[in-house]
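For what it's worth, my numbering labels the leading residue of the sequence shown as 11, then goes sequentially.
If you are wondering where the hints come from, they were derived from the structure by calculation, not from laboratory data. It cannot be assumed that every hint is accurate.
Straight-line distance between alpha carbons at most 25 angstroms, and here's what the computed SDA-like set of lysine to any residue pairs gives [unchecked claim]:
id, residue 1, residue 2
1, K50, I31
2, K79, C92
3, K47, Y33
4, K46, V34
5, K50, K69
6, K50, F17
7, K50, G38
8, K16, K50
9, K46, K73
10, K47, D32
11, K89, S104
12, K46, E35
13, K69, T54
14, K69, I88
15, K16, L48
16, K16, L40
17, K22, E35
18, K46, I31
19, K22, L40
20, K74, T54
21, K16, N29
22, K101, R86
23, K73, T54
24, K28, F17
25, K50, T36
26, K23, G12
27, K46, K80
28, K28, N39
29, K79, N90
30, K22, E43
31, K16, K28
32, K65, N77
33, K16, I31
34, K73, R84
35, K16, I41
36, K80, G70
Between beta-carbon pairs, the in silico distance windows are [to be verified]:
id, residue 1, residue 2, range
37, E66, K23, 18 to 26 angstroms
38, N77, K46, 40 to 48 angstroms
39, I52, D76, 29 to 37 angstroms
40, G107, R84, 31 to 39 angstroms
Glycine included, every Cβ here is placed at the ideal spot set by N, Cα and C.
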Amino acid sequence: DGLLLKFLENLKKTLKDKNTIDYVETGGNLIIEEIKKLYKIIETSQRGKDAVSKKESQKGNEKKIDNFKKRLDRIRIIKNICMTNLERSRKIHSITGG
């Protein structure tokens, strides 16, 4: 809107008729107000998107952490099964005299 203000000032300097100057100034001010409203809407939607993307990112990270924890639990279960089988194998080996 700063460039638009400069343009309007330069235009008013070159115009001779007061009615035309008033018309241009009024129209320019309306345009500037609309631009300001659009900026506010854009800023608000950007903040909303940022908040949503952060929430989505957090949800994604939480899901990754949950999946990792599940994998660790499976690994522990498999490790326990392997340790149990190792102990059984040792007992069988000692009983058979191997």
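Checked hints:
1. K50 x I31: With a Cα-Cα distance of about 29 angstroms, the restraint between K50 and I31 is violated, given a limit of 25 angstroms.
2. K79 x C92: Holds, at about 20 angstroms.
3. K47 x Y33: holds, 21 angstroms
4. K46 x V34: holds, 18 angstroms
5. K50 x K69: violated, 28 angstroms
6. K50 x F17: holds, 23 angstroms
7. K50 x G38: Measuring from Cα to Cα gives roughly 19 angstroms; hence the hint holds.
8. K16 x K50: Holds, because 22 angstroms separates the two Cα atoms, which is no more than 25 angstroms.
9. K46 x K73: Distance of about 40 angstroms is beyond 25 angstroms: violated.
10. K47 x D32: holds, 23 angstroms
11. K89 x S104: holds, 22 angstroms
12. K46 x E35: holds, 16 angstroms
13. K69 x T54: Holds. K69 to T54 sits at ~23 angstroms (cutoff 25 angstroms).
14. K69 x I88: It is violated: about 29 angstroms lies between the C-alpha atoms, which goes past 25 angstroms.
15. K16 x L48: Given pair K16, L48 holds - Cα atoms ~20 angstroms apart, limit 25 angstroms.
16. K16 x L40: holds, 15 angstroms
17. K22 x E35: holds, 8 angstroms
18. K46 x I31: holds, 22 angstroms
19. K22 x L40: holds, 16 angstroms
20. K74 x T54: Measuring from Cα to Cα gives roughly 30 angstroms; hence the hint is violated.
21. K16 x N29: Between K16 and N29 the Cα gap is close to 19 angstroms, so the pair holds against 25 angstroms.
22. K101 x R86: Holds, at roughly 23 angstroms.
23. K73 x T54: Violated. K73 to T54 sits at ~28 angstroms, over the 25 angstroms cutoff.
24. K28 x F17: holds, 17 angstroms
25. K50 x T36: holds, 21 angstroms
26. K23 x G12: holds, 17 angstroms
27. K46 x K80: Given pair K46, K80 is violated - Cα atoms ~51 angstroms apart, limit 25 angstroms.
28. K28 x N39: holds, 16 angstroms
29. K79 x N90: Within the cut-off at roughly 16 angstroms; holds.
30. K22 x E43: holds, 19 angstroms
31. K16 x K28: holds, 18 angstroms
32. K65 x N77: holds, 18 angstroms
33. K16 x I31: Satisfied, since the Cα-Cα distance of roughly 14 angstroms is no more than 25 angstroms.
34. K73 x R84: holds, 17 angstroms
35. K16 x I41: Holds: K16 and I41 sit about 14 angstroms apart, inside 25 angstroms.
36. K80 x G70: holds, 15 angstroms
37. E66 x K23: 18 to 26 angstroms: Violated, at about 52 angstroms.
38. N77 x K46: 40 to 48 angstroms: holds, 46 angstroms
39. I52 x D76: 29 to 37 angstroms: Once the Cβ atoms are compared, 36 angstroms apart, the range 29 to 37 angstroms for D76 and I52 holds.
40. G107 x R84: 31 to 39 angstroms: holds, 36 angstroms
Hints 1, 5, 9, 14, 20, 23, 27 and 37 from the list above are not met by this structure, while the remaining hints are.
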